[in-house]
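Chains as they are written, first to last, in the numbering used here: chain A, 1 to 362; chain B, 363 to 438; chain C, 439 to 779.
Since the hints were derived computationally from the structure, they do not count as laboratory data. A virtual CB, placed ideally from N, CA and C, is assigned to each residue, including glycine. Hints may be right or wrong, so weigh each one.
As the list claims (entries may be wrong) - According to the in silico footprint, chain A covers these stretches of chain B (three or more CB under 8 Å from chain A): (1) 366–372; (2) 400–410.
As the list claims (entries may be wrong) - Taking lysine to any residue and the SDA-like style, the derived pairs with C-alpha atoms no more than 20 Å apart in a straight line are: (3) B:Lys378 with A:Leu157; (4) A:Lys106 with C:Glu460; (5) A:Lys21 with C:Thr635; (6) B:Lys370 with C:Thr635; (7) B:Lys370 with B:Met393; (8) A:Lys106 with C:Gly762; (9) B:Lys378 with C:Gly631; (10) A:Lys155 with B:Met393; (11) A:Lys155 with A:Ile280; (12) B:Lys370 with A:Arg248; (13) C:Lys573 with C:Gly447; (14) C:Lys503 with A:Met93; (15) C:Lys573 with C:Gly762; (16) C:Lys503 with C:Pro545.
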Amino acid sequence: MRFIDEFRQPALAGALAERIKRWSGPPVSLMEVCGTHTVAIFRHGLRGLLPPQVRLLSGPGCPVCVTPNGEIDKAIALASNPGVILATFGDMMKVPGSYSSLAEAKARGSIIRVVYSAMEAVEIAQENPGKAVVFFGVGFETTAPTTAASILEAKRLGLKNFFFLSAHKLVPPALRALLEAGEVRIDGLICPGHVSTIIGSRPYEFIPRDYAIPCVISGFEPVDILQAIAMLLDMRVEGKAEVAIQYRRAVRPQGNPQALDTMAGAFQVGDAEWRGLGPIPQSGLQLRDGMEAFAAERHLEMKMRPPREAAACRCGEVLRGLINPPECSIFGTGCTPEHPVGPCMVSTEGTCAAWFLYRPGG
Amino acid sequence: MCLAVPAKVVSIDGEKAVVELGGLTRQARTMLVPNVKVGDYVLLHAGFAIQTLDEAAAQETLELLARMAEAGAGEA
Amino acid sequence: MARARVLLGHGSGGKLTHQLIESLFLSQLANPILKALDDSAVFSVDSRGRGTGRLAFTTDSYVVKPLFFPGGDIGRLAVCGTVNDLSMVGATPLYLSAAFILEEGLPLADLRRITASLKGAAREAGVKIVAGDTKVVERGSADGLFINTAGLGLVPEGVDISGSNARPGDAVILSGPIGNHGISVLLEREHMGFVSTVKSDVAPLNLLVAVMLQASPNIHALRDPTRGGLATSLVEMARQSGVAIRIHEGKVPIDEEVAAACEILGYDPLYVANEGKLIALVAPQDAPEVLRAMKESPNGRQATIIGEVLAEPRGKVLMATRVGGTRIVDMLSGEQFPRIC
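Whenever a hint applies, use it, and build me the whole structure from the sequences.
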């Protein structure tokens with residue numbers, strides 16, 4: 001497969017691993033801020049290739065994991081209306097809300113359809129004029145342009161039965177909140193490659209500027225990640241703190257202006273609640289003024305009980321890099337992939353699920 | 363976040379394209395990459411092409427790494 | 439029969455049931471044992487003069503959705519799955535039963551087609567379907583239909599194949615590329631708009647196992663990696679035998695389209711179901727001969743050694759990744775869902 005296999009070449013990975021092993025500085029902690037990076041690191045066994053002084057932490061880069069219970073509760077409440085079809089990405093099906101999950105709601109009779117693309121939800125609305133179709137929009141800046149484009153398409157088609165529930169969140173404000181909290185020592189950031197194809201490199205510039213932490217925007221193949229780590233170590237050696245792009249084939253400094261415009265056409269930035277990080281100002285996307293016709297919360301009933309968090313769940317601390325999953329008292333016992341308590345265990349990119357399935361070997 | 367894969371554009375019809383990866387094909391919406399051409403590689407995410415891939419940049423990265431690998435082998 | 443759909447009455451045991459059995463099932467599946475239509479099938483087991491034989495007996499229910507998928511259907515699956523379960527203990531499969539639970543409203547044309555597949559698979563495997571049952575449930579109580587098959591086979595004397603017999607040093611042989619069944623069913627079921635030529639690999643493996651047993655008496659374990667994929671079967675055997683299994687990522691065969699589908703949907707191919715593949719743990723000195731025999735058999739042409747059995751760490755499966763790392767491979771918990779992140 002083109003652009004995949006070349007970046008999995010053992011010779012290149014081996015050379016980068018050798019280079020990294022020569023790190024003779026003090027121990028460093030590099031945080032990767034993207035669930036897809038967490039999974040890739042585990043799947044390719046990359047941790048075992050790093051010397052002990054180079055430590056990898058997982059940050060809050062899994063949009064499923066940072067969705068608070070209340071937002072899932074809303075989706076379940078909307079789906080429970082007869083006459084509503086809720087469309088969602090597969091990622092959200094098993095995530096527990098306060099009292100239930102979308103998968104359980106579906107088993108109890110709610111009409112919930114898993115889609116690969118938000119555009120499919122628009123098609124479902126066209127095919128079911130007598131139903132209200134609600135799309136549950138989860139994801140960061142990688143996904144938001146696609147849902148925005150779908151909402152604008154629904155508008156262009158004059159659909160009156162298509163609605164949107166947003167749980168979209170933005171990465172740079174969460175990074176700022178994490179760094180401001182200063183709970184964990186971070187010597188370098190591996191930035192999310194696909195979010196950056198949309199937003200470019202400029203939104204990260206505050207990190208080296210205000211916190212003197214180097215950033216490298218990394219692709220997802222093993223060679224990409226190893227190169228990004230090598231670049232961060234080089235910057236530390238040189239005492240440089242800046243934003244560099246490893247993933248040059250996909251990320252331009254200006255990002256994708258068309259995608260950014262499309263997002264602005266459907267969404268505006270607002271405050272948002274993040275599981276584990278709490279409320280972060282200006283960190284979420286909602287339907288913009290003028291698009292109220294598509295707001296599910298405005299037009300459809302949502303009968304809900306007050307949201308609540310599971311008492312023993314420590315997803316928040318995991319997401320902030322404070323603890324590793326095995327330090328959570330219910331990891332692997334009360335909380336497993338079959339019976340997840342928090343989203344970190346459900347999401348295939350959740351740190352807890354990754355630890356559970358892929359425990360570092362070798 | 364987030365799963366996006368490189369796929370080759372094999373045909374375009376308005377704002378829809380057919381993209382191919384490993385012999386598998388799917389429709390992808392192209393409104394986020396309006397200047398895309400047949401033969402380009404794009405990143406496919408959730409049914410949309412979200413960016414075009416810069417093949418020259420990919421080549422440069424690979425060549426840089428290959429030279430580094432050779433140099434490293436020389437050193438050892 | 440002029441009717442086009444299953445009626446609740448077809449399950450009543452009366453005339454309609456008998457008509458259905460005669461005209462649809464018997465007309466395709468007839469053999470002397472089945473035609474007796476008693477409550478149980480009675481037959482002698484001929485151990486061909488090699489002394490008393492041990493019987494292998496298994497059962498499985500098939501609830502796959504959709505009923506028809508590229509490369510097969512629930513009928514073919516119902517025969518192959520049970521034939522393969524018998525083969526994995528080294529038994530020669532002989533007789534199957536087939537019990538149908540039909541949903542009211544199922545088109546009889548579909549049932550006829552599925553029964554034809556059942557018959558074709560049975561012929562391919564050289565087994566007879568000698569007992570059956572039919573029930574009908576109300577609309578909404580079954581996804582079109584469910585099939586249960588039970589299978590009886592004869593274990594040749596001296597054959598002792600079990601997931602608990604693996605020994606350090608054994609070669610791990612895989613009969614062909616992984617992931618075809620799971621991906622083909624998923625793409626067919628979920629209508630996610632992908633166009634692909636991926637077909638289910640559903641096939642009976644008893645003839646392949648027979649040539650393997652001829653090639654070596656030192657085949658310690660066999661397993662067909664169905665639900666849960668290659669990874670889950672390897673973990674099961676590692677635990678049963680108290681050994682470790684190490685596989686090499688670069689040696690595990692996978693068709694390009696299947697790999698591409700897994701990349702796009704975020705699936706790990708190690709966990710995707712197969713219905714026409716087997717894993718064999720073989721004494722190392724016999725592995726080349728077993729491999730040669732497999733490659734001459736229709737369902738083993740792409741057989742290859744993918745790893746080895748180790749003493750430690752007991753009960754664990756490790757994979758040496760293509761880039762030189764190592765990862766632990768665990769069992770799948772629950773389902774994989776297609777994902778975007």
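We went through each hint and held it up to the structure:
| no. | hint | in the structure |
| --- | --- | --- |
| 1 | 366–372 | holds (count 4) |
| 2 | 400–410 | holds (count 6) |
| 3 | B:Lys378 with A:Leu157 | holds (16 Å) |
| 4 | A:Lys106 with C:Glu460 | violated (40 Å) |
| 5 | A:Lys21 with C:Thr635 | violated (44 Å) |
| 6 | B:Lys370 with C:Thr635 | holds (18 Å) |
| 7 | B:Lys370 with B:Met393 | holds (16 Å) |
| 8 | A:Lys106 with C:Gly762 | violated (43 Å) |
| 9 | B:Lys378 with C:Gly631 | holds (13 Å) |
| 10 | A:Lys155 with B:Met393 | holds (15 Å) |
| 11 | A:Lys155 with A:Ile280 | violated (30 Å) |
| 12 | B:Lys370 with A:Arg248 | holds (18 Å) |
| 13 | C:Lys573 with C:Gly447 | holds (10 Å) |
| 14 | C:Lys503 with A:Met93 | holds (19 Å) |
| 15 | C:Lys573 with C:Gly762 | violated (55 Å) |
| 16 | C:Lys503 with C:Pro545 | holds (16 Å) |
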